[in-house]
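**Q** So the chains spell out like this:
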Amino acid sequence: MSARRNLILVLAVLVAAAAGLLAACGGSDESAQPAGSGSPVALPSPGGGGSVVMWDGATDIERKANDAFVAKYNATDPGFTVQAKFVVSRDYALTKLLTALAGGKAPDISYQFGSSMANLAKSPKVVDLGPIMEQTPGFDWNDFYPAERLATTVNGMVIGVPALVDNLAIVYNKKLFDQAGIAYPTKDWTWTDFRNAAKQLTNASAKQFGWAYVNDGTEDTVWRFLAVLWQANGDLLNADNTKSALDSDAGRKAMQLLYDMAVTDKSVYLDKGDGNYLNLFNSGKIAMLWTGPWDISSINSDVDYGVEILPADVSHATIAGPDNYVVLDNGSQQVANAWAFLQWFLSPEVHLDYAIATGNLPIRKSETELPAYQDYLAKYPASEVFVANLDNVTKARPNIPQYPKISMALGQAVQSVLLGSAQPDQAITVASQAIDAILAAGQ
Amino acid sequence: MSMRGQTTAAAASPAGLEAEVAAAGHRHWPSSWHLFLVPMSALMAFPFLWMLITSVSTLEESRRFPPQLPSSIQWHNFIDAWTMAPFSRWLLNTVVVAAASVVGNLLFCSLAGYALARMRFIGSGVAFMLILATLMVPFQVVMIPTLLIVRAFGMVDSLGGLVVPNLVTPFGIFLLLQFFRTLPVEIEEAARIDGAGRLGTLVKIVLPQMKAPLATVGIMTLLWRWNDFLWPLILITSEDKMTLPLGLATFQGAHFTNWPVLMAGTLMSQLPMLLVFIFAQRWFVQSLASSGIKG
Amino acid sequence: MGAPSDGPVPAGGTPAGRASRWERLLASDHLSGWIFTSPAMILIAVFGLLPIAWSIVLSFQQNDLLSGGTWIGFDNYTRLMQDPVFAHSVRLTVFYTLLFVPISIALALLCAVALNRKLRCIRLYRTAIFLPVVASTVAEAILFNWLLDKDFGIVNAILAKFGIPAQSFFQDPSQALYCIVGMTVWGWLGFSVIIYLAALQGIPKELVEAAAIDGASRWRIFRRVELPLLGPTTLFLVVYLSINALQLFDEIYVTTKGGPLNATLVVVYYLYQEAFQFFEAGYATAIAYVLFIGILVLTVVQLLIGRRFVHYRS
Numbered sequence: 001m002s003a004r005r006n007l008i009l010v011l012a013v014l015v016a017a018a019a020g021l022l023a024a025c026g027g028s029d030e031s032a033q034p035a036g037s038g039s040p041v042a043l044p045s046p047g048g049g050g051s052v053v054m055w056d057g058a059t060d061i062e063r064k065a066n067d068a069f070v071a072k073y074n075a076t077d078p079g080f081t082v083q084a085k086f087v088v089s090r091d092y093a094l095t096k097l098l099t100a101l102a103g104g105k106a107p108d109i110s111y112q113f114g115s116s117m118a119n120l121a122k123s124p125k126v127v128d129l130g131p132i133m134e135q136t137p138g139f140d141w142n143d144f145y146p147a148e149r150l151a152t153t154v155n156g157m158v159i160g161v162p163a164l165v166d167n168l169a170i171v172y173n174k175k176l177f178d179q180a181g182i183a184y185p186t187k188d189w190t191w192t193d194f195r196n197a198a199k200q201l202t203n204a205s206a207k208q209f210g211w212a213y214v215n216d217g218t219e220d221t222v223w224r225f226l227a228v229l230w231q232a233n234g235d236l237l238n239a240d241n242t243k244s245a246l247d248s249d250a251g252r253k254a255m256q257l258l259y260d261m262a263v264t265d266k267s268v269y270l271d272k273g274d275g276n277y278l279n280l281f282n283s284g285k286i287a288m289l290w291t292g293p294w295d296i297s298s299i300n301s302d303v304d305y306g307v308e309i310l311p312a313d314v315s316h317a318t319i320a321g322p323d324n325y326v327v328l329d330n331g332s333q334q335v336a337n338a339w340a341f342l343q344w345f346l347s348p349e350v351h352l353d354y355a356i357a358t359g360n361l362p363i364r365k366s367e368t369e370l371p372a373y374q375d376y377l378a379k380y381p382a383s384e385v386f387v388a389n390l391d392n393v394t395k396a397r398p399n400i401p402q403y404p405k406i407s408m409a410l411g412q413a414v415q416s417v418l419l420g421s422a423q424p425d426q427a428i429t430v431a432s433q434a435i436d437a438i439l440a441a442g443q
Numbered sequence: 001m002s003m004r005g006q007t008t009a010a011a012a013s014p015a016g017l018e019a020e021v022a023a024a025g026h027r028h029w030p031s032s033w034h035l036f037l038v039p040m041s042a043l044m045a046f047p048f049l050w051m052l053i054t055s056v057s058t059l060e061e062s063r064r065f066p067p068q069l070p071s072s073i074q075w076h077n078f079i080d081a082w083t084m085a086p087f088s089r090w091l092l093n094t095v096v097v098a099a100a101s102v103v104g105n106l107l108f109c110s111l112a113g114y115a116l117a118r119m120r121f122i123g124s125g126v127a128f129m130l131i132l133a134t135l136m137v138p139f140q141v142v143m144i145p146t147l148l149i150v151r152a153f154g155m156v157d158s159l160g161g162l163v164v165p166n167l168v169t170p171f172g173i174f175l176l177l178q179f180f181r182t183l184p185v186e187i188e189e190a191a192r193i194d195g196a197g198r199l200g201t202l203v204k205i206v207l208p209q210m211k212a213p214l215a216t217v218g219i220m221t222l223l224w225r226w227n228d229f230l231w232p233l234i235l236i237t238s239e240d241k242m243t244l245p246l247g248l249a250t251f252q253g254a255h256f257t258n259w260p261v262l263m264a265g266t267l268m269s270q271l272p273m274l275l276v277f278i279f280a281q282r283w284f285v286q287s288l289a290s291s292g293i294k295g
Numbered sequence: 001m002g003a004p005s006d007g008p009v010p011a012g013g014t015p016a017g018r019a020s021r022w023e024r025l026l027a028s029d030h031l032s033g034w035i036f037t038s039p040a041m042i043l044i045a046v047f048g049l050l051p052i053a054w055s056i057v058l059s060f061q062q063n064d065l066l067s068g069g070t071w072i073g074f075d076n077y078t079r080l081m082q083d084p085v086f087a088h089s090v091r092l093t094v095f096y097t098l099l100f101v102p103i104s105i106a107l108a109l110l111c112a113v114a115l116n117r118k119l120r121c122i123r124l125y126r127t128a129i130f131l132p133v134v135a136s137t138v139a140e141a142i143l144f145n146w147l148l149d150k151d152f153g154i155v156n157a158i159l160a161k162f163g164i165p166a167q168s169f170f171q172d173p174s175q176a177l178y179c180i181v182g183m184t185v186w187g188w189l190g191f192s193v194i195i196y197l198a199a200l201q202g203i204p205k206e207l208v209e210a211a212a213i214d215g216a217s218r219w220r221i222f223r224r225v226e227l228p229l230l231g232p233t234t235l236f237l238v239v240y241l242s243i244n245a246l247q248l249f250d251e252i253y254v255t256t257k258g259g260p261l262n263a264t265l266v267v268v269y270y271l272y273q274e275a276f277q278f279f280e281a282g283y284a285t286a287i288a289y290v291l292f293i294g295i296l297v298l299t300v301v302q303l304l305i306g307r308r309f310v311h312y313r314s
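Chains as they are written, first to last, in the numbering used here: chain A, 1 to 443; chain B, 1 to 295; chain C, 1 to 314.
For reference, chain A alone in the conformation it holds in the complex (with noise of 0.2 angstroms):
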């Protein structure tokens, strides 16, 4: 009897302590609206003396070259301070922010993926730029290349400036082709050239094999895939975002793809997600890999590589993953201050000199025009296949909070292809009715 009313007494008391707490500490904001409204900001001038913190999970070069360029800028004297904070793996960056939004203090800055834009537009405290561009003259945002103002753009709110871009090209290794006797790729590469270049290019008592492709299930699996949608001319939604374009011509002839390269040919290494192709492409067991910038710096010295564009179906499409500094509100000053930073940033001839600190590519087009370009070019030869490949870059990932949901229904659905477990025309279908059903229940 006793132990009953003592828990009577705890769970009372549980439930008291919640309610006090819920009211001590404003509960959740009912009245929260999408960041900005459109109208035009009054922003103070840069000042103040205060700091602006920026998170950035970078490392290495990065961030030895965050750090320079943060120290250039506080050397310069705005009236303020810039902070580079790290904060440990980018691939955590929304945890961190997620958590500091809800329970902690948010900083001024924020690097995330391009991937969590959409649903980062949800919040009250994200930043529309949007207004705040077009007040600064000069800023010119056409400049940038129109794969990343796609991707930080939600609902006409633009909720992020540029960070990183890249996209996916072939990068191969020159000695296998020559060991096969194969030319190596060229810009005017088909399908068909590619799919019979990986098949010569396979070996199965060497455990050789001619392409890689990330099979793990995760956006890194459907990315890839979208690449080859898109040299289809296919698309995965249609123009407003209500419904699935995939089950068309273009989706199956897509999925075909890579059922022959990897079931009937056998030609393609699955990768777990744990980046092992990386190494096998650095011990010579893969020929060719679609990849992007990131990857060129971890190819050891001993392999002889190439660059080029995709293959083509239709045309060589292939897709962007730009990342993104996000603004927080904390404050009109603050806002303000972490602006005037990111405009000196990310203006061309920073940027550039940032990008031969790097290695990254340049985020704006007339950073190619520029003179030290060449120093660039210079440093970096692979690059240049990659700086022109970014107008190979004509379509985007559907920007939506739904995209996350979607991503799962067609990586699962890539996958169960590629490992052979379903003919594609099938995979294609039911992923598709899997997109409409996640578009139908809205939000």
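In case anyone wonders, no lab produced these hints; they're calculated from the structure.
One thing to keep in mind: the hints can contain errors.
[Unchecked claim] Take a look, some chain A residues computed to stay more than 12 angstroms from chain C by CB distance:
1. ILE61
2. ALA65
3. MET133
4. ASP140
5. LEU150
6. ASP193
7. ARG252
8. ASN300
9. VAL314
10. SER315
11. ILE356
12. PRO371
13. ALA382
[Claimed, not checked] One side of the interface only, derived from the structure: several residues of chain B facing chain C at Cβ under 7 angstroms:
14. PRO138
15. VAL141
16. PHE277
What you are looking at is a predicted structure, and each value in this text was computed from that prediction instead of being measured.
Using N, Cα and C, we set each Cβ at its ideal position, and we do this for glycine too.
Starting from the structure of chain A, add chains B and C where the hints point.
**A** Structure of chains B and C alone, referenced to chain A:
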């Protein structure tokens, strides 16, 4: 008296049986156990071997697959791990946090475990279930409310915030509770009848018999605090307050990982725990004085 | 607490003076019991129970952690009951636990008995067997990904020598969960071993020797003397390992990420996806509390069974 009892028993039993029973081992016993232990240990130790190999390889060697032995030993990776980042600072932070946690746990879990094992008090059953209940919710679910509470105490981005929520673990309480219960209660009752208080009985009579379980709680607490990643990730934003797991992630970029330096750093960070474990073995060797019923 | 008096004599029939002293001692147990447990209880209440109470509230909301939450009552829970993916994840998690716990305990007992000897190099063996517990989950994942790689892994190389074709392991939906069982048993073995070692230390040598003198074989001694005395420890491990197994997450996160094709989508991984990938924190919390109730019920059942079958000395 138990010691005398032991030697008497040993002298009385036939030579063959004594040899079988005594842990000192008969000639045949050690060899067959070795047959099991050697492959088992090799299986378990395998990853450390691989980590060691990677830590003395060059960056390029570490980026090949399947892995091969390095052509020459690159000891500089260990120096790099120490100098490329504030390694010593992280080590200090981790030691402070882990040590504080261990002390707190040994203290508070002993008290609580003993009370739950030996004392009958109102609400003890409920208290025990509530303690266990906190084990049953994944951390990801409560980490934001925990952050809010820690923030209310002003402990965000501080070592205190890492220590205080972990000064007590349900694991420690539950484990010690079970072990307290296996001890014969007559000794404690005798002590209390002779006038010893609860606390005195605990400290002078009971805890000395609990060396191995206490060492276990100490080791596991040390281990979990040392390797904890998620809570420090969301609590700490200043680099000079980071612990080793957070700091080591510096060597692991989203797209570029310096494997040899990371492995060297990881090995260095695991070494203190292994040393503690080896040292703690002394409490796991059955000592004659700690076994059995006295008097 | 009542004032000491010459009240009723306790059932043991002890002399009057002793009885009142015992009564006093017993009476004060309520106070000392709470004093002893209060530091632990306060810390656990503030940092353990309060966050739980708080997040229970979240489970009644639709909340993305960004724009505030809207109260939807039991909608998350009703949705959960009809969610086929959730049902699938529950089946997987239970199946995993039913494999992991018994295998871990049996293997740990075997190893502990082997390690409870004065063999040469025993410290070395013990340290070796404890190593995987010390190793980080990331290192563990890399190792197992390598060992079980379909094309380049050592395990397939060995199987090939026996004429067995290459297995896909982590990439095969029908094998992935078993690989996770193997990996986690390996990773957690040392934990159970040192707990059993600590327990074996507490078994008085006299009992073992007395049984030996009576002519019992080594195996019988183990079964009749040592195993029952390990009852409390075994109960602890069954309860503790079950609680942990039902909340499996880390190893899935660093290897299969719930795949391939949801073959390893255990409950906590599913809720993590919902909260941090799909921005459905309210739904995720509801999942957590349904899991909580399941774990609680199981634990109570285990403890009740334990009370029946486990004997504590005196």
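**Q** Over 12 angstroms from every CB of chain C: does A/ALA382 meet that, or does the non-interface label fail?
**A** For A/ALA382, whose nearest Cβ neighbour in chain C is about 27 angstroms away, the distance exceeds 12 angstroms, so it holds.
**Q** The output says A/SER315 does not contact chain C. Does that hold with a beta carbon cutoff of 12 angstroms?
**A** A/SER315 clear of chain C: closest Cβ-Cβ about 31 angstroms, beyond 12 angstroms.
**Q** Checking the smallest CB distance to chain C, is A/ASN300 really beyond 12 angstroms?
**A** Non-interface label stands for A/ASN300: nearest chain C Cβ at 17 angstroms, farther than 12 angstroms.
**Q** Taking 12 angstroms as the cut and beta carbons as the points, is A/VAL314 off the interface with chain C?
**A** Given that every Cβ of chain C is farther than 12 angstroms from that of A/VAL314, nearest at about 30 angstroms, it holds.
**Q** Once the closest CB in chain C is found, is it more than 12 angstroms from A/ASP140?
**A** Answer for A/ASP140: holds, closest chain C Cβ roughly 30 angstroms.
**Q** With d taken as the least Cβ-Cβ distance between A/ILE356 and chain C, does d exceed 12 angstroms?
**A** Non-interface label stands for A/ILE356: nearest chain C Cβ at 33 angstroms, farther than 12 angstroms.
**Q** May I ask you to test the interface hint for B/VAL141 with respect to chain C, counting a Cβ-Cβ separation under 7 angstroms as satisfied?
**A** Hint on B/VAL141: holds, closest Cβ of chain C at ~4 angstroms, below 7 angstroms.
**Q** Is the nearest Cβ of chain C still more than 12 angstroms from the Cβ of A/PRO371?
**A** holds (44 angstroms)
**Q** Is the nearest CB of chain C more than 12 angstroms from the CB of A/ARG252?
**A** holds (20 angstroms)
**Q** Find the nearest Cβ of chain C to the Cβ of A/MET133 and say whether that gap is larger than 12 angstroms.
**A** holds (23 angstroms)
**Q** Non-interface claim for A/ALA65: all C-beta distances to chain C beyond 12 angstroms?
**A** Check passes; 26 angstroms lies beyond 12 angstroms.
**Q** Take the shortest C-beta to C-beta distance between B/PHE277 and chain C; is it under 7 angstroms?
**A** holds (6 angstroms)
This entry satisfies every hint, going by the numbered hints stated previously.
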